[in-house]
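Based on the sequences and whatever the hints tell you, model everything.
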Amino acid sequence: MSEITVVHYLNQFFAGIGGEEAANLPIQVQEGPVGASRLLQNHLGAQGKVLATLVGGDNFVNEHQDEALDAIRKALRELSPAVLIAGPAFDAGRYGVACALVGHVATHDLRIPSVAAMYPENPGAALTRDVILVPTSDSPRDMDRAVAQLARLALKIGTGGELGPASTEGYLPRGIRRPGVRVKPGYERALEMLRAKLAGEAFATEMKVVGYEQVAGAPPVKHLQNATLALITTGGIVPKGNPDRLVRGGAKEWYRYSIEGLDRLDATHWDCVHRGFYIETVKENPNYVLPLDVLRQIEGQGDVKSLYPWFFSTSGVGTAVLDARRMGEQMGSELRAARVDGALLVAT
Amino acid sequence: MPALPLNVGASRVVKGSRIEHVCGNPALPPEQDRAVGVQIVQTALHALATDVAEPTLFDAGVG
Numbered sequence: 001m002s003e004i005t006v007v008h009y010l011n012q013f014f015a016g017i018g019g020e021e022a023a024n025l026p027i028q029v030q031e032g033p034v035g036a037s038r039l040l041q042n043h044l045g046a047q048g049k050v051l052a053t054l055v056g057g058d059n060f061v062n063e064h065q066d067e068a069l070d071a072i073r074k075a076l077r078e079l080s081p082a083v084l085i086a087g088p089a090f091d092a093g094r095y096g097v098a099c100a101l102v103g104h105v106a107t108h109d110l111r112i113p114s115v116a117a118m119y120p121e122n123p124g125a126a127l128t129r130d131v132i133l134v135p136t137s138d139s140p141r142d143m144d145r146a147v148a149q150l151a152r153l154a155l156k157i158g159t160g161g162e163l164g165p166a167s168t169e170g171y172l173p174r175g176i177r178r179p180g181v182r183v184k185p186g187y188e189r190a191l192e193m194l195r196a197k198l199a200g201e202a203f204a205t206e207m208k209v210v211g212y213e214q215v216a217g218a219p220p221v222k223h224l225q226n227a228t229l230a231l232i233t234t235g236g237i238v239p240k241g242n243p244d245r246l247v248r249g250g251a252k253e254w255y256r257y258s259i260e261g262l263d264r265l266d267a268t269h270w271d272c273v274h275r276g277f278y279i280e281t282v283k284e285n286p287n288y289v290l291p292l293d294v295l296r297q298i299e300g301q302g303d304v305k306s307l308y309p310w311f312f313s314t315s316g317v318g319t320a321v322l323d324a325r326r327m328g329e330q331m332g333s334e335l336r337a338a339r340v341d342g343a344l345l346v347a348t
Numbered sequence: 001m002p003a004l005p006l007n008v009g010a011s012r013v014v015k016g017s018r019i020e021h022v023c024g025n026p027a028l029p030p031e032q033d034r035a036v037g038v039q040i041v042q043t044a045l046h047a048l049a050t051d052v053a054e055p056t057l058f059d060a061g062v063g
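Chains as they are written, first to last, in my numbering: chain A, 1 to 348; chain B, 1 to 63.
Keep in mind the hints are simulated off the structure, nothing from the lab.
Take the hints with a grain of salt, since some may be wrong.
Restricting the straight-line Cα-Cα distance to at most 27 Å, the calculated cross-link-like pairs of lysine-lysine (DSS-like) are [to be verified]:
#1 A:Lys49 <-> A:Lys74
#2 A:Lys252 <-> A:Lys283
#3 A:Lys156 <-> A:Lys49
#4 A:Lys222 <-> A:Lys305
#5 A:Lys240 <-> A:Lys283
#6 B:Lys15 <-> A:Lys222
#7 B:Lys15 <-> A:Lys305
#8 A:Lys252 <-> A:Lys240
#9 A:Lys283 <-> B:Lys15
So, in structure tokens, the structure goes:
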């Protein structure tokens, strides 16, 4: 078999260029394998060749989406690979979204098959059905296994091969059902499932319902002048010294801090704890993610009646959906009990 | 970075300035920096007072 050609998309970190300080990097095209692509090249062996590595800063791709995807489209047209590979992104939200978008451009716009890898709860995982997604753990400890699986699936789709079902091939189900013949007819399978369910035994559904839970928007706040508003942030604002030991990521807890009598948050008394973005700017001026200064001005003008005297804080990076839902419910029940009319949540 | 919250179903989303300084822009002189923050927070208040049927983006019009 002749070798297939591959283009690999990586973020600034996995390309070895830098961390958050390099997250604004525009799209770069680097010849051959770079950074984590070298591992991919090892797994492809003689069957595949990484022609080029496309590198994009996580902030750049998310904030300048059109510009970034235009650059990706142009590069892919010129390189014309047999397959595009993106990631693994693990639980990194911006990177996961970037991998999904780049894969979508390849497959949807240019008919180049694509495969990406990320944690199933990564927001990028729900963006497109065009990209084959390899599930990974939430941490780069899973790198070698994930890249090996990316290489295996890429070699298959890059040579025009058909993938089997998600469960046997090891990719995330896309909700696509193909016609085929099973050993037993539907009514027998349904009755077997029902019997197993009633008996408390394991069974595999054929119609798994996946995706994010849809939550209806709250009714609007009709009279802001009479409203009490609460401030919430997932930007990790804490009092200096971090007395509750809020973790920098993967938080399972949130904390409340008093803003009674404060006109703004000053850098001497407040700090930022978060591993998901470049925090130095916020450490100097915490009001950028908890805009108390602006809200006191608006309160003073009478545009809102008052601010709830506590703000809620956690670090919103790598938190599991179930933990996020529980924290949201806890915050909501406190605010409801306190007759707060609305909440502003600043996410970074 | 509004694509992310809209995708997971947040009902009212306001586009901020940047991830590193959502409610302002330290590259601008202090008065303009503050004006960016005011614009974003006012847009959020407008969003709170607006009925929405699905995840909806409110653009404060500041880069």
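> Honestly, which of those hints from before does the structure not fit?
Replying inline: When the structure is compared with the hints, none of them turns out to be violated.
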